[in-house]
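For the record, the sequence lines run as chains A and B. Residue numbering for the first sequence follows our numbering, beginning at 1 and increasing consecutively. Residue numbering for the second sequence follows our numbering, beginning at 1 and increasing consecutively.
Calculated from the structure, these hints are not laboratory results. Each residue gets a CB set at the ideal place from its N, CA and C atoms; glycine is no exception. Accuracy of the hints is not assured; some may be wrong.
Pair by pair, the computed Cβ-Cβ distance ranges are [what the hints assert, rightly or not]:
no.	chain 1	residue 1	chain 2	residue 2	range
1	A	Gly587	B	Asn240	37 to 43 Å
2	B	Lys61	A	Arg938	51 to 57 Å
3	B	Asn240	A	Pro270	35 to 41 Å
4	B	Lys61	A	Asp728	36 to 42 Å
5	B	Arg299	A	Arg938	29 to 35 Å
6	A	Asp135	B	Ala428	39 to 45 Å
7	A	Gly70	B	Lys61	56 to 62 Å
Covered stretches of chain B (chain A as the covering partner; in silico rule of three or more C-beta atoms under 8 Å from a C-beta of chain A) [stated by the list, open to error]:
no.	stretch
8	98–110
9	183–197
Here are the chains, one letter per residue:
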Amino acid sequence: MRINSRVRAAHIVGKSLSFPTMVLCLLWMMPNSAFADSSDELLFVRRVKPVLAAKCLPCHGENRDDIKGGLDLTDLTKTNRTGDSNEKVIIPGDAAHSPIYLAVTRHDSTWSAMPPKEADRLTNEQVAWVKLWIDQGAPWPDEVRTRELLSTADADSAADGVTVATSGGTSAGWTNRKYQVDGLWAYQPVRKPHTQATGAAAIDELIGRLMPDGVTLSPPADARTFIRRATFDLIGLPPTPDEVESFERQYAIDSDAAVGRLIDRLVASPHYGERMAQHWLDVVRYADSSGFANDYERGNAWRYRDYIVRAFNSDKPYDQFVREQIAGDELEPNNPEMLIATGFLRMGPWELTGMEVAKVARQRFLDDVTNSVGESFLAHALQCARCHDHKFDPIPTADYYAIQATFATTQIAEREAMFLPSENTSGFDEQRFLQRTRAGHLATLAAIDEKSLLAAAAWYIEQKLDVQPWKDAVESAGKNAKSKRGGIFGAARNSLLQKKIPEEKIPPRMVGLTAQDMGLARIANKGLERLAWELDRYRPYALSVYNGRTPTVKSVNAPLRVPDNPHQNGELEQTCILVGGDPFAAGKPVAPGLLSVIGRFSSEKSAGAAPAGVTVGQVNGRDEDQRLAEQQADQTPIAGRRRELAQWITDDKNPLTSRAIVNRIWMWHFGEPIAGNPNNFGSSGKRPTHPELLDWLAATLVEQRWSIKSLHRQIMSSAAYRRSAEHDDRESLMAIDPQGTSYASFKPRRLSAQELRDSMLSVTDELNRTLGGIPNRPEINFEAAMQPRQVMGTFASAWVPNPLPSQRHRRSLYSLKLRGLMDPALEVFNAPAPDFSCERRESSTIVPQVFLLFNSRASQSRALAFASRVLRESTTDDSAITKCFRLAFGRTPLASELQACKHHWSTMQVIQAQINFATQPIPLEVRRDAVEENSGERITFVEQLYANAEFVPDLLPQDCNARTRALADVCLVLLNSNEFAYIY
Amino acid sequence: MSTSDQESCAKASCLHDLMRQTLLRREYFYSLGAGLGSVALTALMARDTAADSESSPLATKPTHTNAKAKSCIFLMMEGGPSHIDTFDPKPALDKIHLQEFVREGEQKSAMESGKRYYVRSPFKFVKAGQSGADIAENWTHLANVADELCFFRGCQVDSVNHPTAMYQMNCGNRFGGDPGIGAWVTYGLGSENQDLPGFIVLPEVSYPQGGSANWSNGFLPAHFQGTPLRAKGSPILDLNPTPGTTRDHQRKNLDLLTKLNSEHAARHPGHDELWARMNSYELAFRMQMQVPEVLDISREDARTLEDYGIGKQSTDAFGRKCLLARKLVEQGVRFVQLYNGTWDSHDFIERAHGNLVSGVDQPIAALIGDLKRRGLLDSTLIVWCGEFGRSPDNGVRGGTAYGRDHNPKAMTVWLAGGGCRAGHTIGATDDLGMSAVEEVHHVRDFHVTLLRLLGLDDNRLTYFHAGRFKQLSQFGGQVIQPLIA
């Protein structure tokens, strides 16, 4: 971005005085200033006219054929000053009675609110300008005078906003429009602020600069609180009692050294990568299924999930991490890891059914990937520029399509990629259950085929037709069409149709079949289709992409492989600006490029596809750029486009990329980001509370070769991070810092959905800490697991848990994540749905959380396992309760707590002794009632739950004595307690 | 016991009492009322001060404009009912029955490949009521209340696939993840009854394509999420404790939890969220008693049950939903959405649609009549729709088993009560029912109109999310005036 030096000066001024305040002061001072005599005119030209242009003219002038309400506001000196109402809309000198003013205030009873959309409402400042202008006589200088006024504008004109050089919008008005400077912060180069201190102390220095006067700081957190906080932050699990005690001892000797060692230990833990991956997968919308009508499983998605874990664990430099996810296949085409990394490009929900127009579905992929790259790496939701030039930010629609052109030759496929030694490939033998299901479907189809063939023979007799051609067709079909869809009957029928035998002389397609048969056949066929996706899980393929022309595909109902000759066959897509985002309304062609508001960097090597469409700076050179872009659009090579884009994104000088990731990491530690919308650094996103700190972190990250682990060390060693969540005088703190952005006190947080489950498994010692591998299926609420769920043409299969407890009790990161079936226990604790990128998790307290955590069988199982473990590892009642507290909270119980828990234990033992538990067998099949979608007839079918035959339950109440069960009541309470759920 | 322990014990016991009192207050209640099961009865707690109610996210809020409708019952016929075979007769199809149909052009999808034929409707139509509304003759009960209905034949959607069209009809956005219309309405108006969720969903036993995202709160706060009352099994997941756990047993556990939590809160002063979470446990404990009472229809008289078709196999399931919908609206629930389906009749339309109609016809007519008798029809807007209509043509797959494919360009939706223009048919499709041609409106306009009938202005019903003011219509729309009385 290029803005003139005067603007930079204004930007610096703006630091001490917020920008709107500055503008208003300026305005109110005007009558006394040097241009007092022209101030009212200036007010109009600089302030009011742009407001009219942006807010009013779209309906009141721009479209000459459709002037709403008959009111034309293009030039009130030339046109009438009234609309259809025949009332003067402006009464010079009297804003309070001027309809225009009354309308923009939005709370007048006579004049309806304008602009009609709440989203378009004028800011308070803008309303104030309109009022002032009318009160001063509502002057409307002509064009000559306007130019004169603008040409004599002095340094203060920065307050008008600034123009920004981009590749240009679809209209000159957009290209030359002005932006408020403070909304452009993210495009400024990162400048590391000067600090007296270095390292973590610099963070505190920068926070200190903005600390409100009179704030007292919370003291450092005590050792136990700190290790709990740090351990959850970095590995998502509670510290063990031994870890807590050891840290407490070290902390007492040398707290700084102890903290340093603790962080080193935690970032070296293999579980560090799991914790970070959970954060990253929220951003990229990870799921193991495709969503929408079919919600097919994405058998290979898990390899991308594990790639993320490995990347964080090895402290892969973040710039490299980004490049691999965008262009791994181009960087190292023969490295399976790199093919896996591009799974990022496949994370959005996507499918192509026969119902949909293929081009529309293809465009959905392109739009998804374009926006996802913007949100994930550049903190910009680019979709706003899909249908038009961006309304708020300097992102022309041409830039959107320039980035999209990068992906015009990117095709989706499940690509062959050998398993790596670092991947966990255990547990593949579970596919035997799927094979049984497959055999069941094939048997169903064979039986129906048999029935059809018998009915066909009968049909010939009934119709008194010669059966010989049919017999011949059946015989030849039987040789080669055994497993084909439709079976022998279908193949025979098709062969007769191909011989042009009239349809009425061939047995009807459904001859002899009942609605039940038809339903079963459909379910079996769809079942086979769905299994193909699931079975891909155990094969060396990666959810990936390749470069090539766009193949002709009508529907996608099996995993896609790379076709032969991808560079020769299919359509070479030429990206064009799509007018209104409509895939059938191609506008001007666009070459691959980048965000022109940032522009190219001098350090960048210009190779291959030079995106000339984004030459920066020449606002007036647009036609030339366009011509060049069109020329180059044709010539851009098929391969290498993504590498170009990735190099630009990860250039050390790209101000968006480094700021975006440090802002996320900061939020992962403090609960609050520095810039409030981690996916939106544009003018409508929240401004950074500590811009210098953000830049210091971004610059430091790049200096330290993009090492994320180094960043954790610095952030977590800061005094701000080490502060206690308790404060001596919270009331006055709240008064001075109501938004809680001073970092004077640490902000506690509730455990996330996954942390909560993992912590429970951890304290009960059930957690299987194995890293990576195929997704597992823990037990979820039984009714949700059996809930019939419609997918295209059939029901999705039931949720069948893994047979063995150790398989089920893996970290929540590994739980099979289906878009159509969220685990209610995760959903209710604010785990985000994978439809949209989640920039930040919510943490709300709602009643269903209680049902899940207090009533569920899962919680009962954890409580039993907890009690049973504690009894195994302790000798006396006192030591058992103490053990519970140490495991759950990392501390010993107070005497009152010990007393209360022991008392409860003995009380409950009496109650527990009276309960008889019935054994509830796990079902081996589930009967589904359905209205067959085509016939409208009711049908039933049975789904076999093969894995349940080998199911080994968790510890059951009937396997425990009353004493254990009674202690489990205590444990259930501890697991539900606030102390367990919150970290401070 | 050491002195400090005694002190903290005394402090905690004092807090314990305070806690007990606080639990009777309702200030946190509403902030808890979301997700799968925030159901409680009016009797749950005495009504509190106005100040308390105002602080609640579900507190009633003033409408933007005057409106008759206070609540909405939304009958979602998922799968896409055929307008041609229900409320939009196309005699022209009789003449070209089984003539070949060919679609060409860029919008052609695989659905239109293979041989296709025009298909006439197997259903005869009648002119029902004083208004002479076109209704297929198998809607025998609905025909009796025809004059209460306002048919709209001009609605169009963008998507030809079920889940994306469902998302668009329910949430305005084709891709899911946005708030459902019930969430928007509850966000805009709050709810009359503070003890029940403002937005309740009565789904089919099997969830529709797209799943629970169809009644999501999206980016709105969790309090506005649709609460499904499941048709089978526990109405709300894990509403009750595991078998063998009595209420007394659970109370004892809860008492220990309260004690530990109170002491913990005393050590962490100033963190309000701790108290909110403590309250949620007490509330849940009460709710598990009360929910079954809300769902109990056994106290309705025999005549009412019979009217709704309860006890008759074909109508029992939907009849129960319709009756429950009336009860919920009576109790001040703002928005109730009922699912029925699937209406996706690609083949055998006579049998498929025939069965579906016989399942909903009587219950829907009973609901309209019942609301009217109780004087609630004016204040209750009833919406009947699917996610799209169906095509006049079909790839004849089963020889003579004619059905219809999806059609986003033509459909019939109807309204009843709530200030709609009853007794009128608005808009029209072409002679074959292929596309809307009169009073043609994108579904966003239909949404804007529904909001208007409920006193909400789509342009003002906005929520700032991800850097933009978002609204149900996505980018604004217009009111379809002819649908409003």
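These are the hints, each one checked on the structure:
1. Roughly 60 Å separates the CB atoms of Gly587 of chain A and Asn240 of chain B, a value that falls outside the hinted 37 to 43 Å.
2. Checked against the hint of 51 to 57 Å, the pair Lys61 of chain B and Arg938 of chain A fails, with Cβ atoms roughly 44 Å apart.
3. For the hinted restraint 35 to 41 Å between Asn240 of chain B and Pro270 of chain A, the CB-CB distance of approximately 40 Å keeps it satisfied.
4. Remark: the range hint 36 to 42 Å for Lys61 of chain B to Asp728 of chain A is upheld by a beta-carbon distance near 39 Å.
5. Taking the beta carbon of each, Arg299 of chain B and Arg938 of chain A are about 31 Å apart, inside 29 to 35 Å as hinted.
6. Distance hint check for Asp135 of chain A and Ala428 of chain B: the Cβ-Cβ separation is about 53 Å, which falls outside the suggested range of 39 to 45 Å.
7. A beta carbon spacing of about 35 Å between Gly70 of chain A and Lys61 of chain B contradicts the range 56 to 62 Å that was offered as a hint.
8. Evaluation of the coverage hint for the stretch 98–110 of chain B: fulfilled, as 5 residues show C-beta separations to chain A shorter than 8 Å, against a requirement of three.
9. Counting residues of the stretch 183–197 of chain B whose C-beta sits closer than 8 Å to any C-beta of chain A gives 0, which falls short of three, so the coverage hint is violated.
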